[in-house]
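Under mature numbering (1 follows the signal peptide of the UniProt record, and there is no 0), the residues of the sequence shown are numbered -15 to -1, 1 to 169, in order.
Hints are computed from structural coordinates only; laboratory data are not their basis.
It is possible that some hints are incorrect.
[To be verified] Just the calculated beta-carbon pair ranges, DEER-fashion:
| hint | residue 1 | residue 2 | range |
| --- | --- | --- | --- |
| 1 | Arg11 | Lys95 | 45 to 53 Å |
| 2 | Ile132 | Thr104 | 49 to 57 Å |
| 3 | Gln28 | Trp115 | 33 to 41 Å |
| 4 | Asn35 | Thr104 | 36 to 44 Å |
| 5 | Arg60 | Ala146 | 40 to 48 Å |
| 6 | Ala21 | Lys96 | 27 to 35 Å |
| 7 | Asn24 | Asn103 | 37 to 45 Å |
[Claimed, not checked] Here are the computed lysine-lysine pairs in the BS3-like style, where the Cα-Cα straight-line distance is at most 25 Å:
| hint | residue 1 | residue 2 |
| --- | --- | --- |
| 8 | Lys8 | Lys129 |
| 9 | Lys96 | Lys15 |
| 10 | Lys129 | Lys10 |
For glycine and all other residues, C-beta sits at the position ideal for the given N, C-alpha and C.
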Amino acid sequence: MKYVVLFLLFGVTLSNLSSEWDKFKRDYNKHYASTAEENERQQIFFENVNRIRSYQQTHSGATFAVEINHLTDRRIEKLGGICRKPDYPEIVNKCEPNACNPFTTFDEIKKLKEKDENTMLTWIQVSTLWVVMNAIGKGFGDYKGGIYDEPTCPKTDGNHAMQVVGYGVEGEQWGEKGYIRMKR
C-alpha cells in the first residue's frame, strides 16, 4: 500500500512538472535544436524548479523572491560572459581565449577597497560604477524581486560584472524589469 501511494505521489509531481515545462516553453517561446537538447534542458528545468520550490518553502522570510523565468532551463554556470552573444565564435573542440572582441573598454579602472562606501558614493557621482560578484549564489538566476541578500554567496572569485545603476543584460523578463536590488 505504501508503494502505491508513493508511486501515485511521484506520478502527480512528475505530471505537474511536465505541465510547467510545457507552459514554460510556450511562455518563453522555447525551441530546441534536437530532442537530445530538449531532454537535457527539461532535466535542468526540473532541477531548477525543485530548487526554486525548496528555496520558497525554506526561506519564507527572505528579503528577495525567486520564480521560474526565461533562464530556468539553463545552468547558472553557463550564463554570462563579457562578449555579446553574436560575437561568440562557433563552438569547436578546443578553447580559444580572446576569440571575441569586447563590446566596451575602459579608460581607467580604479579598484575600490572592500566596503569603502564613502568612496563608492563619491565615484558614482562622476563615473560609471561596476561591481563584480559571484552570481552562483542561491536564487540569483531565478531572482524575481526584493532585496537580494544571500549570506552563503562567496565573497571572492567574482564571475559576474554589473553596473551599480543600469539596465541588465537579461532584459525586462528577469528580476524587477531587468534590475536587481542588492543589500549593501
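Each hint tested on the structure:
Distance hint check for Arg11 and Lys95: the Cβ-Cβ separation is about 47 Å, which falls inside the suggested range of 45 to 53 Å. Take Ile132 and Thr104: their Cβ atoms lie about 22 Å apart, and the range 49 to 57 Å is violated. Between Gln28 and Trp115 the C-beta distance comes to about 34 Å, which sits within the given range of 33 to 41 Å. For Asn35 and Thr104, the hinted distance range of 36 to 44 Å is satisfied, since their beta carbons lie about 42 Å from each other.
About 19 Å separates the C-beta atoms of Arg60 and Ala146, a value inconsistent with the hinted range of 40 to 48 Å. The hint said 27 to 35 Å for the Cβ distance between Ala21 and Lys96, and at roughly 44 Å that hint is violated. Under the hint 37 to 45 Å, the C-beta atoms of Asn24 and Asn103, about 52 Å apart, miss the expected range. Under the criterion of a C-alpha separation no larger than 25 Å, the hint pairing Lys8 with Lys129 is consistent with the structure, at around 18 Å.
Restraint check for Lys96 and Lys15: not satisfied, since their Cα atoms lie roughly 40 Å apart, outside the 25 Å limit. Pair hint Lys129 plus Lys10 holds up; C-alpha atoms about 19 Å apart against a cutoff of 25 Å.
Comparing the model with each numbered hint stated earlier shows that hints 2, 5, 6, 7 and 9 do not hold.
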